[in-house]
Amino acid sequence: MGRATVEKTIHDQLARLPIEKQQQVLEFVRALSRDEKVGVPGRDLLRFAGTIDRKDLIAFEKAVNEGCERIDANEW
Numbered sequence: 404m405g406r407a408t409v410e411k412t413i414h415d416q417l418a419r420l421p422i423e424k425q426q427q428v429l430e431f432v433r434a435l436s437r438d439e440k441v442g443v444p445g446r447d448l449l450r451f452a453g454t455i456d457r458k459d460l461i462a463f464e465k466a467v468n469e470g471c472e473r474i475d476a477n478e479w
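Residue numbers 404 to 479, in our numbering, belong to the letters of the sequence shown in order.
If you are wondering where the hints come from, they were derived from the structure by calculation, not from laboratory data.
There could be a bad hint or two in this list.
[Stated by the list, open to error] Derived DMTMM-like pairs: lysine to aspartate or glutamate, alpha-carbon spacing no greater than 20 Å straight-line: (1) K424 to E410; (2) K458 to E469; (3) K424 to D459; (4) K440 to E430; (5) K424 to E478.
All of these numbers come straight from a predicted model, not from anything done at the bench.
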């Protein structure tokens, strides 16, 4: 599919959506087009390997399991 065809197909599909969904698409496209590479390469973090106390790691894992394992079906 060529660029013009893709753009037309996207436009046609977008025109069928309610304004709220169009706004979501706009936010998504903006997020895709950002080229922000923030952070450092993993190799620069290796010096920190093994520096977190085991009991702290267990506490982190517990917090993640309790607070982040939920699915909100209405989120998207």
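Here is what the structure says about each hint:
1. With a C-alpha separation of about 18 Å, the suggested pairing of K424 with E410 holds against the 20 Å cut-off.
2. Simply put, K458 and E469 have alpha-carbon atoms about 16 Å apart, close enough for the 20 Å limit, and the pair holds.
3. At most 20 Å may separate the alpha-carbon atoms for a hinted pair to count; K424 and D459 exceed this at roughly 42 Å.
4. Of the supplied pair hints, the one linking K440 and E430 holds, its CA atoms being roughly 18 Å apart against a limit of 20 Å.
5. Taking the CA atoms of K424 and E478, the gap is near 13 Å; set against the 20 Å cutoff, the hint holds.
Checked against the numbered hints above, the structure breaks only hint 3 and satisfies the rest.
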